[in-house]
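**Student:** Sequence:
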Amino acid sequence: MEASRLSSVSIEGIQKKLQEEGFKLTLQRQATVEILLEHLNELLTAEEIYMYVKQK
Numbered sequence: 001m002e003a004s005r006l007s008s009v010s011i012e013g014i015q016k017k018l019q020e021e022g023f024k025l026t027l028q029r030q031a032t033v034e035i036l037l038e039h040l041n042e043l044l045t046a047e048e049i050y051m052y053v054k055q056k
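Those letters in the sequence shown? Residues 1 to 56, by the numbering used here.
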């Protein structure tokens with residue numbers, strides 16, 4: 001994904017996309033999205049994402 005597109009990523013935009021696809025932004029999904037947005041420049045493993053979400 002281009003850097004310019006990454007900078008425009010937001011919780012609201014992701015929530016809108018999830019709704020368009022028939023999904024809800026649950027607390028767990030929101031926490032996961034927040035972690036991913038906080039660590040855009042890092043490659044996180046599933047285990048690391050899980051640990052960050054668990055700490056929230």
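Simulated from the structure, these hints should not be mistaken for lab results.
Any given hint could turn out to be false.
[Stated by the list, open to error] With a straight-line cut-off of 27 Å between C-alpha atoms, the simulated DSS-like cross-links for lysine-lysine are:
#1 Lys54 x Lys24
#2 Lys17 x Lys54
#3 Lys54 x Lys16
#4 Lys17 x Lys56
#5 Lys56 x Lys24
#6 Lys56 x Lys16
[Stated by the list, open to error] Derived Cβ-Cβ restraints for the label pairs, each shown as a range:
#7 Gly22 x Glu42: 28 to 34 Å
#8 Gln19 x Glu47: 15 to 21 Å
#9 Lys16 x Thr45: 24 to 30 Å
#10 Ile11 x Gln55: 16 to 22 Å
Heads up, the beta-carbon is just placed ideally off N, CA and C, and yes, glycines get one too.
**Student:** Hint by hint, note whether the structure agrees.
**Tutor:** Status of the hints after comparison with the structure:
Of the supplied pair hints, the one linking lysine 54 and lysine 24 holds, its CA atoms being roughly 20 Å apart against a limit of 27 Å. For the given pair, lysine 17 sits about 24 Å from lysine 54 by alpha-carbon distance, which is consistent with the 27 Å threshold. A distance of roughly 25 Å separates the Cα atoms of lysine 54 and lysine 16; the hinted pair therefore holds under the 27 Å criterion. At most 27 Å may separate the alpha-carbon atoms for a hinted pair to count; lysine 17 and lysine 56 meet this at roughly 24 Å.
Taking the CA atoms of lysine 56 and lysine 24, the gap is about 20 Å. The hint holds against a cut of 27 Å. Restraint check for lysine 56 and lysine 16: the C-alpha separation of about 23 Å stays at or below 27 Å, so the hint holds. The beta-carbon spacing between glycine 22 and glutamate 42, approximately 30 Å, falls within the hinted interval of 28 to 34 Å. Between glutamine 19 and glutamate 47 the Cβ separation comes to about 29 Å, which falls outside the hinted range of 15 to 21 Å.
Checked against the hint of 24 to 30 Å, the pair lysine 16 and threonine 45 passes, with Cβ atoms roughly 28 Å apart. At roughly 18 Å, the beta-carbon separation of isoleucine 11 and glutamine 55 lies within the given 16 to 22 Å, and the hint holds.
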